[in-house]
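**Q** As they're listed, the protein sequences go chains Z and U.
Anchor point for the first sequence: position 90 equals 90 in this note's numbering, and the numbering is continuous, going up by one each time.
So this note's numbering is basically just the index in the second sequence, starting at one, shifted up by 1000.
Among the hints, erroneous ones may be present.
[Claimed, not checked] Here are the simulated DSS-like pairs of lysine-lysine, each with C-alpha atoms no more than 27 Å apart in a straight line:
id: 1; chain 1: U; residue 1: K1067; chain 2: U; residue 2: K1029
id: 2; chain 1: U; residue 1: K1067; chain 2: Z; residue 2: K64
id: 3; chain 1: U; residue 1: K1067; chain 2: U; residue 2: K1005
id: 4; chain 1: Z; residue 1: K47; chain 2: Z; residue 2: K95
id: 5; chain 1: Z; residue 1: K95; chain 2: Z; residue 2: K64
id: 6; chain 1: Z; residue 1: K144; chain 2: U; residue 2: K1067
id: 7; chain 1: Z; residue 1: K60; chain 2: Z; residue 2: K134
id: 8; chain 1: Z; residue 1: K60; chain 2: U; residue 2: K1076
id: 9; chain 1: Z; residue 1: K142; chain 2: U; residue 2: K1076
id: 10; chain 1: Z; residue 1: K144; chain 2: Z; residue 2: K64
id: 11; chain 1: U; residue 1: K1029; chain 2: U; residue 2: K1076
id: 12; chain 1: U; residue 1: K1029; chain 2: Z; residue 2: K142
id: 13; chain 1: Z; residue 1: K47; chain 2: Z; residue 2: K142
id: 14; chain 1: Z; residue 1: K64; chain 2: U; residue 2: K1005
id: 15; chain 1: U; residue 1: K1076; chain 2: Z; residue 2: K134
id: 16; chain 1: Z; residue 1: K95; chain 2: U; residue 2: K1076
id: 17; chain 1: Z; residue 1: K60; chain 2: Z; residue 2: K144
id: 18; chain 1: U; residue 1: K1076; chain 2: U; residue 2: K1009
id: 19; chain 1: U; residue 1: K1009; chain 2: Z; residue 2: K64
id: 20; chain 1: U; residue 1: K1076; chain 2: Z; residue 2: K64
id: 21; chain 1: Z; residue 1: K95; chain 2: U; residue 2: K1067
id: 22; chain 1: U; residue 1: K1031; chain 2: Z; residue 2: K95
id: 23; chain 1: Z; residue 1: K47; chain 2: U; residue 2: K1029
id: 24; chain 1: Z; residue 1: K144; chain 2: U; residue 2: K1029
id: 25; chain 1: U; residue 1: K1031; chain 2: Z; residue 2: K144
Just so you know, these hints were derived from the structure itself, not from any lab.
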Amino acid sequence: MPMTRRKFITKVLTLTGYTLTLAFSKTGLANWIADDFRRQTIDSTLKQLFPEQTLLETDKINLKLPRIAENGSVVPITITSTIDNADTIYIFSEKNPVPLIAKFSLNPALETFIGARFKMQETCDVIVVLRADKQYYQTRQKVKVTLGGCGG
Amino acid sequence: MSTIKIRSKHLADYTLVRTLIAHPMETGKRKDDDTGELIPAHFIQTMNFYLNQQLMSQCQMGVGVAKNPFFSFHIKATQPGDIISISWTDNLGYSDTAKHIIQ
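Build out the structure end to end from the sequences listed, making use of the hints.
**A** Following this line, the structure appears as structure tokens:
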């Protein structure tokens, strides 16, 4: 069957459509970003992740953390918040070699709640940043670590 | 055997989902006790948590997450028969997926 110009154009357009859909669906499910998890200080990590934004101190994020962690290799944390429309939660440990512990996206079908276990190198503040309505909120709590859990 | 364990519990206002993944989460800085050699980094990078094929949460993590990662979530509303699926991928390209049906 000979290809007419009309058919050719239709095909090109459909193909472009598919490619664009594919490209955009990939960005929807973000890839792991090595730069965020670099070995650096907490200040440069925060500056890199939130270059323009100001992090508002808030008491609306509730952290359940042990005040003294005997073993830094397993520190349990639960985060709850009364801030509406929270869509991302970041956990940082101030003095870990890699300060960013984890980053969670939250679907509106979930309550603003995360439970996790993480490692702490030494006694320092645990910082939690929450994004809601394009605004960033942060809270921190000190955890005393008796035995470091990052090895080496 | 799957590396992922999923438990769910229907509570008054929400459904509690807990998951435990068996994974070494090596930082790359720890030394082998016998040989004194560095154990190469081996850690989960992303974990996806789906409810009925809809992405509930994506977690990107670094070496700071504890060995055998444990996470818990609260889903606002679920029906019996809803399917939870959790999958992870690590820095060496390994991955696993598990499904769980809410009672």
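**Q** Which earlier hints can't be squared with this structure?
**A** 9, 11, 16
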